[in-house]
Amino acid sequence: NFMLTQPHSVSESPGKTVTISCTRSSGDIASTYVQWYQQRPGSSPTTVIYEDNQRPSGVPDRFSGSIDISSNSASLTISGLKTEDEADYYCQSYDGTIVIFGGGTKLTVL
Amino acid sequence: QVQLVQSGAEVRKPGASVKVSCKASGYIFIDNYMHWVRQAPGQGLEWMGWINPNNGDTNFAQKFQGRVTMTRDTSMNTAYMELSRLRFDDTAVYYCARDDSSGWWGVDYWGQGTLVTVSS
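Chains A and B supply the protein sequences, listed in that same order. Heads up, the first sequence is in the numbering used here, so the first residue is 1 and it goes up one at a time. Heads up, the second sequence is in the numbering used here, so the first residue is 111 and it goes up one at a time.
Don't take each hint at face value.
[To be verified] These stretches of chain A come out as covered by chain B in the derived footprint (C-beta under 8 Å, 3 or more residues):
| # | segment |
| --- | --- |
| 1 | 20-28 |
| 2 | 53-61 |
| 3 | 66-77 |
[Claimed, not checked] Listed below are the simulated SDA-like cross-link pairs for lysine to any residue, each with C-alpha atoms no more than 20 Å apart in a straight line:
| # | chain 1 | residue 1 | chain 2 | residue 2 |
| --- | --- | --- | --- | --- |
| 4 | B | K173 | A | S43 |
| 5 | B | K133 | A | S43 |
| 6 | B | K173 | A | K106 |
| 7 | B | K173 | A | T97 |
| 8 | A | K106 | A | S73 |
| 9 | B | K129 | B | V226 |
| 10 | B | K173 | A | S73 |
| 11 | B | K133 | A | T97 |
| 12 | A | K106 | B | V203 |
| 13 | B | K173 | A | E84 |
| 14 | A | K106 | A | V59 |
| 15 | B | K123 | B | Q222 |
| 16 | A | K106 | B | G154 |
| 17 | A | K16 | A | T97 |
| 18 | A | K106 | A | E84 |
[Unchecked claim] Far from chain B, by Cβ distances over 12 Å, these chain A residues were calculated:
| # | residue |
| --- | --- |
| 19 | Q6 |
| 20 | V10 |
| 21 | K16 |
| 22 | T17 |
| 23 | K82 |
| 24 | E86 |
| 25 | D88 |
| 26 | Q92 |
| 27 | S93 |
It should be emphasised that the hints constitute simulated quantities derived from the structure, not laboratory data. The C-beta atom is built at its ideal place from N, Cα and C for all residues, glycine as well.
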């Protein structure tokens with residue numbers, strides 16, 4: 001199975017834009033959909049992006065997802081950062097019937 | 111509305127087993143696969159496997175094969191995850207998570223989590 005590698009942490013100021021990457025170790029990033037989950041401290045994860053770039057209802061359009069074939073990676077971009085966006089973010093994809101999570105990225109909004 | 115309500119925290123000794131339940135409501139239980147995901151303290155999400163509540167088929171991450179059992183009771187709309195031969199590093203929050211039925215193994219709803227502590 002492939003792995004999904006995320007930066008351990010990122011930080012940015014309120015109002016700015018941040019991008020979190022998720023790099024696939026083998027196989028084409030475009031061959032399977034990527035989901036993104038947000039987990040605030042002490043809470044269960046919630047979906048912020050599914051199928052690479054789709055937002056569930058209720059997720060603000062400040063959240064967007066994309067894939068980059070050249071770097072074989074997916075990205076989650078959050079614009080107009082708010083303090084409430086401070087959380088851990090996980091990418092997720094699959095290999096056949098096996099679900100694969102990235103290691104998670106801690107976003108600090110300071 | 112969809113809800114997944116899990117059983118309460120458990121403490122077990124090394125070598126013992128633990129069974130966590132996940133009661134679903136707000137949708138047709140057999141229509142969506144159920145995943146189990148765990149998170150050790152301060153660590154990331156780790157997928158353990160899924161169960162198809164419609165027929166009981168299961169699929170596990172290789173790491174847990176031989177130690178994990180996933181079952182369901184369709185009359186109770188409840189899924190279960192049992193982990194045996196517990197070790198200290200099995201201490202974690204265990205989540206049930208509903209598959210979104212897209213075919214891409216995404217999750218759309220999560221339970222509140224069940225803390226399992228393995229301690230002598």
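For a quick check of understanding: which of the numbered hints are violated here, in increasing order? 1, 2, 3, 4, 6, 10, 11, 13, 15, 17, 19, 25, 26, 27
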